[in-house]
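Asks: Sequence:
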Amino acid sequence: MNHILIAYSTNGGSTGEVAETIADELRQAGRQVEVCELTKIGSLESYESMVIGAPMIFGWHAQAQRFMRRNRQLLVSKKIVYFACALRLTNDLKAKTSAIPMTIDPGLVSQPLKPEALNLKERFTSVGHYLSPMLTCAPGITPLSVAFFNGKLDLRRLKWWQLLFVLGIVQGRPGDYRDWDFIRQWSRSLSQVI
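All you need for my numbering is the position in the sequence shown, starting with 1, plus 126.
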């Protein structure tokens with residue numbers, strides 16, 4: 127049986143809650159699943175498939191990128207799926223050329239004011255800007271699926287420079303915007319992928 131690891135980094139705990147929800151859905155489908163923070167993972171040898179998740183903070187969370195780079199040689203032979211939690215995602219037509227199946231929470235997506243000329247906020251929150259570090263952090267690894275979920279913003283959990291970026295550039299508002307039904311639906315679809 128395929129042994130699945132759901133590994134995540136988190137800034138304030140909400141991405142970990144998403145990881146646990148994904149695991150619950152896969153377990154209900156009869157899959158053998160473990161969940162672990164990226165910084166606490168031991169050996170990866172026993173896993174055939176991995177779901178890697180992280181929040182979007184100045185791009186895909188740095189811990190997730192470091193993990194992928196550090197373990198690239200081993201991960202290249204595994205089935206890999208990515209997910210990210212964000213507060214805003216600008217529909218970027220250029221990113222639609224990606225051959226990787228993407229699932230995007232409709233409540234997360236906004237349309238650019240001028241599709242041919244994205245403003246600063248739109249550039250930093252575009253699908254292409256978010257997808258790029260996920261695909262380039264570990265050359266040779268192509269995820270079988272990428273999902274973007276609406277996230278949660280708790281200002282008390284942010285460092286001062288994250289706070290400035292989230293409020294000033296992303297213009298996120300505090301609250302929990304995660305769509306649990308959407309997350310569960312995507313999680314159930316993973317049984318066909320990994």
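Simulated from the structure, these hints should not be mistaken for lab results. The reader is advised that the hints may include incorrect statements.
[What the hints assert, rightly or not] Cross-link-like lysine-lysine pairs, in silico, DSSO-like; alpha carbons within 30 Å at most:
1) K166 / K205
2) K247 / K166
3) K204 / K166
4) K247 / K285
[Unchecked claim] Restraint ranges, calculated between C-beta atoms of paired labels, are given here:
5) V235 / A188: 32 to 38 Å
6) D305 / N128: 24 to 30 Å
7) P232 / R196: 44 to 50 Å
8) I226 / R153: 40 to 46 Å
9) P265 / G301: 35 to 41 Å
It should be emphasised that the depicted structure is a prediction, and the values quoted were computed from it without experimental measurement. A virtual CB, placed ideally from N, CA and C, is assigned to each residue, including glycine.
Asks: What are the numbers of the hints the structure violates, in ascending order?
Replies: Hint check: 2, 5, 7 and 8 fail, others pass.
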